[in-house]
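Chains as they are written, first to last, in the working numbering: chain A, 494 to 852; chain B, 153 to 471; chain C, 27 to 466.
Among these hints, one or two may not hold up.
Unchecked claim - Each computed DSSO-like pair below joins lysine-lysine, with the alpha-carbon atoms no more than 27 Å apart:
1) A:Lys586 with A:Lys843
2) C:Lys199 with B:Lys288
3) B:Lys226 with C:Lys426
Claimed, not checked - Footprint (simulated), chain B over chain A, 3 or more residues, beta carbon under 8 Å:
4) 594–600
5) 630–636
6) 639–648
7) 663–675
8) 757–769
Hints in this document: simulated from the structure, not taken from any laboratory.
Ideal Cβ positions, reconstructed from N, Cα and C, are used throughout, including at glycine.
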Amino acid sequence: MFYREVGQFKTSYAADQQVFPIRQDRVGVVVILLVALVVVPWAGNDFFLSAIAIPFLVLALATIGLNVLTGYAGQLSLGTGGFMGVGAYACYKLVTLFPDAPIIVHVLLSGFAAAAVGIVFGLPSLRIKGLYLAVTTLAAQFFFEWCFIRIPWLYNYNASGAIEVPGRSMFGVMLTGPSASSTARYYTVLLVVIALTFLVKNLIRGRIGRQWMMIRDMDIAAELMGVRPLHAKLSAFAVSSYLCGVAGAMFVFFYLGAAEPSAFSVTLSFQVLFMAILGGLGSLIGSFFGAAFIWILPILLRWGMPLVGMPLPSETVTQLTSMIVGALIIVFLILEPHGLARLWQIAKEKLRVWPFPYA
Amino acid sequence: MDFLHDILLRPFMDMAGQPDFFIQVIWEGFVAGILYALIALGFVLIYKASGVFNFAQGIMVVFAGLTLVGLHEKGVPAWLALILTIGVMALLAVCIERFVMRKLVAQPDIILLMSTIGMTYFLVGLGEFVFGGEPKQMITSQLGLPTGSTAVEMGERGLIIFQHIDIAAAVIAIIMVAALAVFFNRTRIGRALRAVADDHQAALSVGISLNQIWAIVWFAAGIVALTTGIMWGARSDVSFALEIVALKALPVLILGGFTSIPGAIVGGLIIGIGEKIGEIYWGPLVGGGIESWLAYMIALIFLLFRPQGLFGERIIERI
Amino acid sequence: MMRKSVIVGGLLAVLAASAAVPAFAEDSVYVPLFSYRTGPYAGSGIPIANGMSDYLTMLNERDGGINGVKIVVEECETGYDTQKGVECYEQVKAKNPVVINPYSTGITLQVIPKAGVDKIPVLSMAYGLSAGAVGDTFPWVFNPPDTYWDGASAIITDIANREGGLDKLAGKKIGYIYLDAGYGKEPIPLLEDFSKKYGFTLTQYPVPGKEMQNQSSQWLNIRRDNPDYMIMWGWGAMNPTAVKEATKIRYPMDRFYGIWWSGGNDDAAAGGDAAKGYRTMNFHGVGKDYPVIQDIKKYVVDAGKSHVDPAKFADNLYNRGVYNSMLIAEGIRRAQEISGKKVITAADMRDGLENLNIDEARIKEMGMEGFAAPVKLSCSDHSGHHKVYVVEWNGSDWQKATDWFAPMTDVVRPMLEKAAEEYTAANAPWPKREEACKSN
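Make the full structure from the sequences, and use the hints.
Structure, rendered in structure tokens:
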């Protein structure tokens with residue numbers, strides 16, 4: 494009843510092929526964009542923007558990156574943290590080598606460095622599959638971590654071995670560095686994420702995305718039907734790493750403010766993988782759901798537990814959070830292995846047939 | 153030219169120049185390799201029987217060690233603590249089977265993998281909640297394990313130091329592997345286990361209880377984890393940082409194959425000795441610390457030529 | 027479908043439960059402590075967190091706070107994780123903290139640029155960015171009583187004293203084993219500079235964070251190189267493992283030096299009897315025989331208001347936490363004197379810390395005679411480069427092994443200033459100091 498596409502006729506190919514063919518979806522997207530662009534910056538305080546909204550968006554982008562690889566092209570990767578790190582360090586190098594170019598350009602370019610190394614570490618995927626591949630992507634993860642520590646050129650021979658974000662402005666507004674307001678940082682991240690999500694959405698609808706899905710569903714069959722695995726797999730690695738790289742650059746430049754190599758550890762890889770899986774593999778909206786769930790839930794728990802129960806010491810809250818998150822993850826995997834995206838789909842079905850349970 | 157000399161010749165000259173030290177390096181690599189092999193063994197047991205890639209093996213090592221030491225700290229005598237810990241691992245195995253594995257039957261690999269990472273989060277929280285986050289000293293001597301070391305003199309000023317605990321680790325690992333081999337080949341449950349590993353449905357149809365087998369396998373992995381926890385705990389101490397050490401077992405797995413027990417052991421030794429030699433003789437050329445990824449690289453290159461690992465079953469794909 | 031709606035319902039309940047920030051009373055100051063009682067570094071983090079909160083609690087219990095102003099202590103668990111560090115910072119920022127104690131070099135580096143903008147002083151006691159001691163460049167950063175570079179120079183001084191002079195260092199071999207992160211890298215420039223200046227060879231053994239408990243390669247290398255002295259910059263699970271490995275290769279423990287952060291009781295105890303002679307730097311008293319520690323026992327521990335395990339009460343890192351909190355409390359007291367207000371702001375706190383002057387009389391008054399050495403900061407010197415001493419492990423406890431002696435301030439200070447310049451160049455545009463130097 495609320496979500497019924499009956500009566501929406503398409504009279505041209507362009508209309509039939511648009512990104513959101515259903516009117517309700519279009520309205521929904523506009524509403525979400527309005528909320529993200531107007532309501533959140535207006536209503537959110539500093540803590541909400543800097544500690545929740547910005548990292549949520551950045552990690553959602555990383556999750557989309559991983560989803561391209563794992564959800565659409567079916568190649569399991571545990572090296573997301575490493576690729577994010579490559580993006581971050583590339584961006585740092587670019588910013589310090591070319592201080593005059595706008596920061597947005599740096600962020601977007603830094604993704605290409607990640608894409609390049611992504612292709613190199615994607616090569617084994619032509620021979621190795623499944624869990625074996627997952628373990629080999631850990632090689633990339635640990636190798637990058639070692640590089641961030643051992644190659645001083647990457648952090649400009651900084652004595653502390655960390656990368657620090659210098660202040661940069663665009664159109665007279667500080668975007669990075671300590672004096673950038675959380676609203677400015679939020680808008681930058683939001684715009685990049687919206688633009689890239691839209692781009693990925695179209696990639697997936699197109700020829701290349703279909704090739705990825707064929708490879709995922711059955712690579713030998715896909716090969717027999719004329720999909721070149723080399724081309725399809727490596728392009729998936731490249732696009733995925735690009736997105737992760739941009740996410741990593743934004744993670745440091747708009748969220749952390751300074752980073753040690755340990756910021757891109759295997760823990761981050763797992764975190765992003767959880768976001769992708771709990772959100773739903775092979776779903777873009779799921780990537781946002783998953784990122785929200787994994788990032789915001791622990792913060793809510795840490796925050797909410799002392800309010801509802803007795804005042805617990807901070808370490809107990811952390812331990813309980815860890816237990817609850819772990820248990821919830823398992824519960825979720827059991828109840829809905831297809832992730833939050835699937836729940837969303839079910840909800841839409843319900844809305845369509847409401848008030849009748851079957852139709 | 154100097155560079156080539158450094159890579160190709162110097163390391164070997166170093167090895168020949170100080171043979172006692174070279175033997176020491178091999179010994180240290182051997183001991184580390186045994187411990188990697190033990191962790192890998194835990195992975196293999198579970199993967200063989202249920203197709204689950206158990207990321208929680210690392211935290212099980214910590215959890216088992218922590219329970220043992222934590223109980224002893226609370227005043228339980230060492231032998232009783234050991235028995236109780238074995239009981240806890242059995243309980244854990246039953247719970248995992250009952251509440252997680254049974255519900256996730258026939259899910260894709262990645263879902264099973266993620267569920268074990270979920271378990272890791274849970275066990276990290278639980279372990280810290282119950283026993284606190286401080287690192288604890290392993291109760292080596294209370295358990296009757298040897299401490300101290302023996303130095304063997306060699307030549308003029310050569311010296312090789314053998315830690316007794318390392319020797320004990322090697323012996324216990326060998327006993328353990330032998331026991332597992334006997335268990336797999338000579339007992340009723342062992343045969344059922346192998347049947348399950350071969351074909352779940354066929355095993356079910358001849359009346360083998362999958363649930364029971366899985367609980368047993370997780371328990372066996374728990375015992376392996378406890379042994380690893382004791383041994384590694386005696387080398388450093390029992391803390392949550394140990395969990396990360398378990399990641400070292402992953403290249404061992406790809407090298408040896410996910411389903412092969414001999415593979416885990418041979419792979420463990422190759423990786424253990426290989427990475428020590430690599431780190432000591434070639435590491436300084438690039439600033440050291442290459443241990444963290446060298447093993448993966450060895451395994452990765454190896455995989456390109458043999459995708460199923462050293463002893464893995466050949467992967468046959470059908471459309 | 028039922029169970030699915032249960033999940034959704036549960037999520038909503040959690041969402042709803044998280045509202046409202048707890049409010050604080052008018053006549054109190056808010057002191058957040060970033061602590062880590064969980065994770066791989068908990069072994070070092072727990073005693074420090076206990077010591078810090080216990081001293082402040084003791085002041086509340088015994089004196090009713092500082093000049094009648096209660097201290098609201100709140101711990102934010104970081105797990106030594108930089109992501110959580112940012113979260114903690116943003117979380118406490120909203121509650122008007124007077125000072126931030128990051129307790130992690132990584133988090134300190136993140137917080138330093140923000141602190142100047144948000145006007146919150148950062149007290150990184152003997153850790154963090156060494157260059158932070160230059161108050162003209164970093165008005166909001168304080169690292170008393172000593173920087174890492176002071177610590178490294180003090181270790182070299184002690185080695186030189188044992189060898190019979192700095193000139194005797196020529197031709198010696200000194201090994202440096204460190205946690206391969208910002209923390210462990212901090213003293214390297216100084217050590218490299220010294221090795222050129224005094225003619226000793228410096229060999230480095232990095233220990234990656236992942237390999238903290240798997241150091242046999244590093245120690246094999248040490249055995250091969252056989253340095254005359256070893257210096258360690260370790261933290262968390264790295265320390266006990268290193269001490270154990272050192273005893274394994276039979277390294278002479280009295281030639282093995284740790285920085286103050288490698289001086290936990292558990293760290294040394296891991297090596298057993300063989301660890302006797304292991305030396306670490308220190309800048310506060312060890313043991314329980316100080317009136318202040320007795321007061322903490324009486325008002326906090328015995329009253330059941332502490333987390334501390336009675337067996338670990340007043341061990342070395344616990345006392346370090348006490349010392350750190352003493353600096354916080356004295357900073358607040360000084361800020362009250364200067365501003366004339368009782369409930370001070372973060373800006374007042376900055377003035378207070380900048381004019382911190384804890385002399386012998388005050389130390390006696392606090393019941394810290396012999397526990398702490400005088401501390402004096404100034405507008406340009408936020409560290410003070412104070413005297414330190416060496417403690418030695420006797421198999422069961424730390425014992426004072428040397429008298430208090432000064433680090434090589436004259437050498438360190440110009441290097442710090444150079445490093446501060448480099449930092450501002452790398453982070454251009456770095457704001458110029460605008461805060462007036464209030465002294466009275």
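How the hints compare with the structure:
1. A:Lys586 with A:Lys843: violated (50 Å)
2. C:Lys199 with B:Lys288: Outside the cut-off at roughly 34 Å; violated.
3. B:Lys226 with C:Lys426: violated (32 Å)
4. 594–600: This one is violated; 0 residues, fewer than the three required, reach chain B with a Cβ under 8 Å.
5. 630–636: holds (count 4)
6. 639–648: holds (count 3)
7. 663–675: Our answer is that it is violated, as 0 residues pass the Cβ test (under 8 Å) against chain B, missing three.
8. 757–769: holds (count 4)
Comparing the model with each numbered hint stated earlier shows that hints 1, 2, 3, 4 and 7 do not hold.
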